[in-house]
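Undergrad: Okay, here's what each chain looks like letter by letter:
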Amino acid sequence: MTLLRLPSSAAPTPARTRIRTRRRRAGRRPRILIAVTALFFALLYLPIAVVTLFSFNARKSLTVFDGFSLRWYRAFLQDDVLISSLGTSLRISLVAMAGSVVLGVALALGLVRCRTRLGSLAGLIMLVPLITPEIVTGVASMLLFKGLGVTLSTGTVMLSEITFSISYVTVILRSRVAALNPEVEEAAMDLGATRWQALRLVTLPALLPAVLAGAVLVFALVFDDFVLAYFTTGVDPQPLSVRIYSAIRFGVQPTINAVGTLMLAGSIALIALALFIPRLFGRRGGLDILSGE
Amino acid sequence: MDAIPAVRLDGVSKQFADSYAVHDVSLDIDAGHFFSLLGPSGCGKTTSLRMIGGFTDPTEGAVVLAGEDVTALPPNKRNVNTVFQSYALFDHLSIEDNVAFGLKRSGVAKAEIRQRVGEMLDLVQLDGLARRRPRTLSGGQRQRVALARALVNRPAVLLLDEPLAALDLKLRRQMQVELKQIQREVGITFVFVTHDQDEALTMSDRIAVMNEGRIEQCGTPEDVYEHPTSRFVAAFMGTSNLMTGTYRNGEVALADGPGLPVGRRAGIADGAAVSVSVRPEKIWLSDFEAGMSVLSGVIRETVYSGPTTTYLIELAPGVTLSVLEQNTARSRMEDRWSGGETVEFGWRPEHCLVLS
Numbered sequence: 001m002t003l004l005r006l007p008s009s010a011a012p013t014p015a016r017t018r019i020r021t022r023r024r025r026a027g028r029r030p031r032i033l034i035a036v037t038a039l040f041f042a043l044l045y046l047p048i049a050v051v052t053l054f055s056f057n058a059r060k061s062l063t064v065f066d067g068f069s070l071r072w073y074r075a076f077l078q079d080d081v082l083i084s085s086l087g088t089s090l091r092i093s094l095v096a097m098a099g100s101v102v103l104g105v106a107l108a109l110g111l112v113r114c115r116t117r118l119g120s121l122a123g124l125i126m127l128v129p130l131i132t133p134e135i136v137t138g139v140a141s142m143l144l145f146k147g148l149g150v151t152l153s154t155g156t157v158m159l160s161e162i163t164f165s166i167s168y169v170t171v172i173l174r175s176r177v178a179a180l181n182p183e184v185e186e187a188a189m190d191l192g193a194t195r196w197q198a199l200r201l202v203t204l205p206a207l208l209p210a211v212l213a214g215a216v217l218v219f220a221l222v223f224d225d226f227v228l229a230y231f232t233t234g235v236d237p238q239p240l241s242v243r244i245y246s247a248i249r250f251g252v253q254p255t256i257n258a259v260g261t262l263m264l265a266g267s268i269a270l271i272a273l274a275l276f277i278p279r280l281f282g283r284r285g286g287l288d289i290l291s292g293e
Numbered sequence: 001m002d003a004i005p006a007v008r009l010d011g012v013s014k015q016f017a018d019s020y021a022v023h024d025v026s027l028d029i030d031a032g033h034f035f036s037l038l039g040p041s042g043c044g045k046t047t048s049l050r051m052i053g054g055f056t057d058p059t060e061g062a063v064v065l066a067g068e069d070v071t072a073l074p075p076n077k078r079n080v081n082t083v084f085q086s087y088a089l090f091d092h093l094s095i096e097d098n099v100a101f102g103l104k105r106s107g108v109a110k111a112e113i114r115q116r117v118g119e120m121l122d123l124v125q126l127d128g129l130a131r132r133r134p135r136t137l138s139g140g141q142r143q144r145v146a147l148a149r150a151l152v153n154r155p156a157v158l159l160l161d162e163p164l165a166a167l168d169l170k171l172r173r174q175m176q177v178e179l180k181q182i183q184r185e186v187g188i189t190f191v192f193v194t195h196d197q198d199e200a201l202t203m204s205d206r207i208a209v210m211n212e213g214r215i216e217q218c219g220t221p222e223d224v225y226e227h228p229t230s231r232f233v234a235a236f237m238g239t240s241n242l243m244t245g246t247y248r249n250g251e252v253a254l255a256d257g258p259g260l261p262v263g264r265r266a267g268i269a270d271g272a273a274v275s276v277s278v279r280p281e282k283i284w285l286s287d288f289e290a291g292m293s294v295l296s297g298v299i300r301e302t303v304y305s306g307p308t309t310t311y312l313i314e315l316a317p318g319v320t321l322s323v324l325e326q327n328t329a330r331s332r333m334e335d336r337w338s339g340g341e342t343v344e345f346g347w348r349p350e351h352c353l354v355l356s
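So the sequence lines, in the order shown, correspond to chains A and B.
Using full-length UniProt numbering, the letters of the first sequence correspond one by one to residues 1 to 293.
Using full-length UniProt numbering, the letters of the second sequence correspond one by one to residues 1 to 356.
To be clear, the hints were calculated from the coordinates, so they are not data collected in a lab.
Take the hints with a grain of salt, since some may be wrong.
Said to hold, decoys possible - Stretch by stretch, here's where chain A covers chain B in the computed footprint (C-beta under 8 Å, at least three residues):
#, segment
1, 67 to 76
2, 99 to 107
3, 219 to 227
Stated by the list, open to error - Counterexamples of contact, computed for chain A against chain B with all Cβ distances above 10 Å:
#, residue
4, T52
5, Q78
6, N181
7, G192
8, L201
9, L264
Stated by the list, open to error - Partial pick of chain A residues on the chain B-facing surface, computed with a CB cut under 7 Å:
#, residue
10, D79
11, E186
12, M189
13, L191
Idealized CB from N, CA, C, for every residue including glycine.
Sequences and hints are given; from them, build the entire structure.
TA: So, in structure tokens, the structure goes:
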């Protein structure tokens, strides 16, 4: 009996005291945290909420809301210039998506499997576009095209966007490639597949969720992109983001609110899809860019 | 019978940087045999298997399959298939499509593929799971899929890289028996890599014991267990009482202990440093026969484990032998000994191996 009671009758251990203080402090913590969080979300989303709200305004005013209407959406659909810009943006995004996925996947496979000093150097250089200010990339791209005597056009936007997006695809794919069991590809070759067939029939299907997530992310990034597009686009046709910017310079039309709301809805849908696709395949996310998992 | 061995390694080496994973290994594996490559991890057994499969290129020597030198051929051009340690199943394909993968690659007609896949799934008792995905199966079932996927191609040789290592003990015992039955049924040469000497002993027609990139001994399970030719094999195969000493005039003088009478041995010079090896189950504690070497020692420990009891007997300070006694109905109560008792023990001369 005494033997059993001995440990519990001893004075509260330092560990237990610590737990108690922490719990007391935890009781006080939420109020200020909730306030900060609320402020954060307000600053982040209030402007967007205002844009969304006023896209449904019945009047032309940008300050007074006067009843619900879809007139600005109708105006947008009848605006040939904006519609053609939307088409241009979609084309640029699709081409950039396809190009950067093909190159990004190839780069990820190469970086993981080529374990030389040059390979790890390439792996570091690959990350540079992610931290370079976009305006630097934009100006540099423009100067490069000018220097080479290439006329700026939709094609030059596509090239720049592909270059800029490869890193995203590679970062997402690299950890997945590293997590692949090398024996699986060997098994395919053991069963008669050539190296290329093994890649096509076994490795790529295993990477598919990450490939799709990367593709959707690139599409959303490129579609929304303004800076790079602004510096590398020709005069006509122009991507939607650039077109909106030029339109705003001559006074803000509420049509822009409608366009902004539609782009927002589209982006949210895409990001949701990117998050959802890996779940569809019963695996953990492909979107965590920071950890690359 | 075909006189050409199914697999021949001819002076094969694999050098990584400045060390050898496999060093000058030569061996013949007869067609239809269950052949085991046995050794501790890092002994080169998996590297040897990978060189037969074509996944690792030897730095020296030749790999010959059924008389044809395949050293330069990639895996998809060799008539062998592999069961990988991780099973390496294709997770995005159904069990059926996993098994059909090899047949599709070699352009077998659809109807025949369906029939052969069905038969193979029957053989490994997976019929009914054909449409499931590998991830939904248990470890034992995945193991069978890997086996079926390789066997369905009717390779000349099947390579198995520790295929049972990931299974729990009971399932492993069951799969050992099944694997051996399947091998007999299909008549394909199996090359089986394992670090588990029990597994190798129970399943193999022949065993090659490997250590540090070389083959220490190659023979039947009885050969390797009963007549180990090196200290390493004696120690690695089961438990062995290994004592070091000096051989002189039919006796081995232990470092600081008594001399063991071992009889005259051919090929061992007087004064040579040798190891003496006696299996625990070959040491008797009673009913000694004429011609046996009989010694005495003190029982230091008795370990009862159901069907057997192990006695640790101190022969001299620092020299302890382990002795295994069967607890059969025939062994009498008065045959049991307890700690501290001084007992006599002995062995037949042929069970005492002198290894130089």
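Undergrad: Look at each hint and say if it fits the structure.
TA: Consistency of the hints with the structure:
1. 67 to 76: Coverage by chain A holds here, the residue count being 3 at a Cβ distance below 8 Å.
2. 99 to 107: holds (count 4)
3. 219 to 227: The restraint on the segment 219 to 227 of chain B is violated, since only 0 of its residues have a Cβ under 8 Å from chain A and three are required.
4. T52: holds, 41 Å
5. Q78: holds, 47 Å
6. N181: violated, 6 Å
7. G192: The claim is violated: G192 (chain A) sits with its nearest Cβ about 3 Å from chain B, within 10 Å.
8. L201: Its Cβ does come within 10 Å of chain B, the nearest being 8 Å, so this is violated.
9. L264: holds, 35 Å
10. D79: For D79 (chain A), the interface hint is violated, since the closest Cβ of chain B sits about 45 Å away, which is over 7 Å.
11. E186: With a closest approach of 5 Å, the E186 (chain A) hint holds.
12. M189: It holds, given that the least Cβ distance between M189 (chain A) and chain B is near 4 Å, below 7 Å.
13. L191: Holds. Min distance 4 Å.
Checked against the numbered hints listed earlier, the structure breaks hints 3, 6, 7, 8, 10; every other hint is satisfied.
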